[in-house]
Each structure stands twice: as C-alpha cells, then as structure tokens.
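Note that the protein sequences, when read in sequence, are chains R and S.
Just so we're aligned: the first sequence equals residues 9 to 120 in this note's numbering.
Just so we're aligned: the second sequence equals residues 1377 to 1488 in this note's numbering.
Rather than coming from a laboratory, the hints here were simulated on the basis of the structure.
Derived lysine-lysine pairs resembling BS3-like cross-links, with alpha carbons at most 25 Å apart:
{"#": "1", "chain 1": "R", "residue 1": "Lys17", "chain 2": "S", "residue 2": "Lys1418"}
{"#": "2", "chain 1": "R", "residue 1": "Lys65", "chain 2": "R", "residue 2": "Lys17"}
{"#": "3", "chain 1": "S", "residue 1": "Lys1378", "chain 2": "R", "residue 2": "Lys65"}
{"#": "4", "chain 1": "S", "residue 1": "Lys1443", "chain 2": "S", "residue 2": "Lys1475"}
{"#": "5", "chain 1": "S", "residue 1": "Lys1475", "chain 2": "S", "residue 2": "Lys1418"}
{"#": "6", "chain 1": "R", "residue 1": "Lys79", "chain 2": "S", "residue 2": "Lys1475"}
{"#": "7", "chain 1": "S", "residue 1": "Lys1475", "chain 2": "R", "residue 2": "Lys65"}
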Amino acid sequence: NAGVTQTPKFQVLKTGQSMTLQCAQDMNHNSMYWYRQDPGMGLRLIYYSASEGTTDKGEVPNGYNVSRLNKREFSLRLESAAPSQTSVYFCAGGTGYYNEQFFGPGTRLTVL
Amino acid sequence: QKEVEQDPGPLSVPEGAIVSLNCTYSNSAFQYFMWYRQYSRKGPELLMYTYSSGNKEDGRFTAQVDKSSKYISLFIRDSQPSDSATYLCAMSPYSSASKIIFGSGTRLSIRP
Chain R
9 NAGVTQTPKF
19 QVLKTGQSMT
29 LQCAQDMNHN
39 SMYWYRQDPG
49 MGLRLIYYSA
59 SEGTTDKGEV
69 PNGYNVSRLN
79 KREFSLRLES
89 AAPSQTSVYF
99 CAGGTGYYNE
109 QFFGPGTRLT
119 VL
Chain S
1377 QKEVEQDPGP
1387 LSVPEGAIVS
1397 LNCTYSNSAF
1407 QYFMWYRQYS
1417 RKGPELLMYT
1427 YSSGNKEDGR
1437 FTAQVDKSSK
1447 YISLFIRDSQ
1457 PSDSATYLCA
1467 MSPYSSASKI
1477 IFGSGTRLSI
1487 RP
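Here chain S stands alone, though its shape is the one from the complex (with noise of 0.2 Å):
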C-alpha cells in the first residue's frame, strides 16, 4: 500500500464550477502538507502548504487537512482554463531538509 494514495483522474469539469481535489495517507506522522500544480512538460511548482490539521486559503484556492481521517483536500473556486494541469499532493513528517512524500498526481481539465 502506497503511503499517499491519490485519485488520477483525469477530472474534468466546466469553467466556473468548484473543483476538489483529496489525498489520503497512511502515515500518522506527516505534519506538513503540500500542493503542488504542474503543467503539462513542466516541472511541479508549490501552490500551497499547511501544517497540521485546519483550512488555508489563497485566493480562489482553499487546502484543508483531517488528520483524525488521514485525509487533504484542495479546494478551486471559480475555476479556470489555466487552472488545466496535473495536482499533486505532498506530505512530509518534518519540516525543512527533510524527505516529502508525493501523490502521484490528479489531472484536470477545466472545459471553457
């Protein structure tokens, strides 16, 4: 069993609609969580990170974390064509310099 388990997709949904996105994992150590969005031939870049359990919001982009159910979710409001790429999720016990554990991956697509 993989630590981080994530849907593939692909997931695709109209222009405007809310999007989510969900990752469960195993490992009852991870503290910190990512999100990461990456273009199609592009390397991942970070969109958003959280620690613990709780909700972080970013403009139209809301992570929120269930550590008593293992589980991280991404929330896209009010989505967008450009919003059409890869999310990975990323989880990792400790904080800097250390090791993350990645999703492998959702694709959306956001049909104008």
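Chain R on its own, in the form it takes in the complex (with noise of 0.2 Å):
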C-alpha cells in the first residue's frame, strides 16, 4: 500500500495563477483532510471530507475549493494564488474510532 500520496511535492506559482494541488489514499479511509503547515503556526485545517459525497470548512478555507472525487481522491484547488499561500501542504486520511489520521509526504508550494 502506497498510503496517502500527494503530487506535486514542490510547485512555484506567479501571484494570480491557478493550480490543483491532488491527494489520493488507499487506506480506505472515510474522511480526509487538507491542512497548511507555516512557521510557529502549527497545522491548520483548511476543508474536510468526513465522506465521499460531503465537504466542509475549516480553520482558514478562503482562498481554497475542494472536490473529494471518490472514496480515494481530494483534491485542493487555489483558483487565484496570492503569497499568502506560500506553505507546506499536507493531506491526510482518517479512520478509526480516535480518528487517527495519516498524513501524505505534503506539497511545498511558493507563490511569488
């Protein structure tokens, strides 16, 4: 099993440009999860998919859409990229009664 994978792992984007950030697991997880990873600010949840079908808000989603395609897939999507953006991104799967989650390696994305 390959777990949770991300592509890409590193991506530098011009201010006002657009890009999918992908995130597919095979741990058949119910719900999955898009955090953002910034210096002394610890890991902030962006959007969530507790199933396939349903998404909902985090901690900080503007800027942001979603899509959980099917059980595997959950994709991010950054329609206009502002520097405020630049961070590590990380999706992860979640399962069992303690919702342990499993992280994928993340995505370093730079947005000049």
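Fit the two chains together into the complex; they arrive one by one in their own frames, and the hints show the way.
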C-alpha cells in the first residue's frame, strides 16, 4: 500500500495563477483532510470531507476550494494564488474511533 | 488566544535523558488527545492517543492528560538521537471524522 500520496511535491506559482493539489489514499479512509503548515502556526485545517460526497470548511478556507472526487481522491484548488498561500500543504486520511489521521508527504508551494 | 498552546522550543537534551513535552488548552470540551511526531520535511505520524484523563504508556513513551488543569504531557524515557523531531500535540472534542486542533509543535534535539 502506498498510503496517502500527494502530487506535486514542489510547486512555484506566480500571483494570480491557479493550480490543483492532488491527494489519493489506498487505505479505505472515509474522512480526508487538507492542512497547511506555516512556521509557528502548526497545522491548520483548510477543508475536510467526512465521507464521500461531503465537504466542510475548516479554520482557514478562504482562497481554496476542494473536491472529493471519490472515496480515494480529495483535491485542493487555488483559483488565484496569493503570496500568503506560500506554505507546506498536507493531505490526510482519517480512520478509527479516535480519528487516527495518516498524512501524506506534503506539497511545498511558493507563490511569488 | 489559541485553543492549544505549545512551547515551540527548540529543546536540546543529551542522549538517555528523560524528555517532557507539554501542551495547555482552553476548550474544556476536548476529550481526545493525541501526539504526532514529524521528522524534517516529512508528514506528521501519529505517536500516541488517549481518551480523557489519565496515563497511557507505549514502550519508551508515556502520554499523560490532566483535564482539571487542561494540561497534557508526553514523556520520552531513554531518549535516542532518532527521537529528534518536532512533536505536535492535537486534540478534539469528538471521535471519528471530526476536526482536530493541533499545537504549533515543539522541536526536540537529542545530542549523542
């Protein structure tokens, strides 16, 4: 099993460009999550999907959209990138009574 | 004020020392408490989880929750250089498929 995979690993955008971060899991997780991690801020939840077909806003949803394409895939879209969106983005799948979350390796995004 | 506060460190201790990592929180509804370990340039991985107050031990790691003081701790015995990482506490008021609030992480370095 590959676990949780994310593409791309690195990306540089110019302000105003758009892009989609891809996430896929083969661990049969019902719930999936998108976080951003910034120095001194910890992990902040952008959007999550409790189950296939549902999505909900997290703590910092502005400037982002998500799609739960099927049970395996959960994508994050930046419609018009801004320098404030420079960050490391992590996707996670959740399972179990304690919502144990398994994280992908991350995407390092720089917006110039 | 953040819901979850965690000293960012860095914390540097000699090999073999006992390490104490701590978080405080303000939301009395939190019931589920977790510790994640994150190596440099990797995604976080779940280390331990506990439910409500009390202690839980797993090998060299002990997680402790004091709900009356809104304080959680992770102790690492016989620390090893391989324990050098950032440790994030996390907590949630609910069980599966719910939002988790993360601390900002403590960077730990074990000196050989």
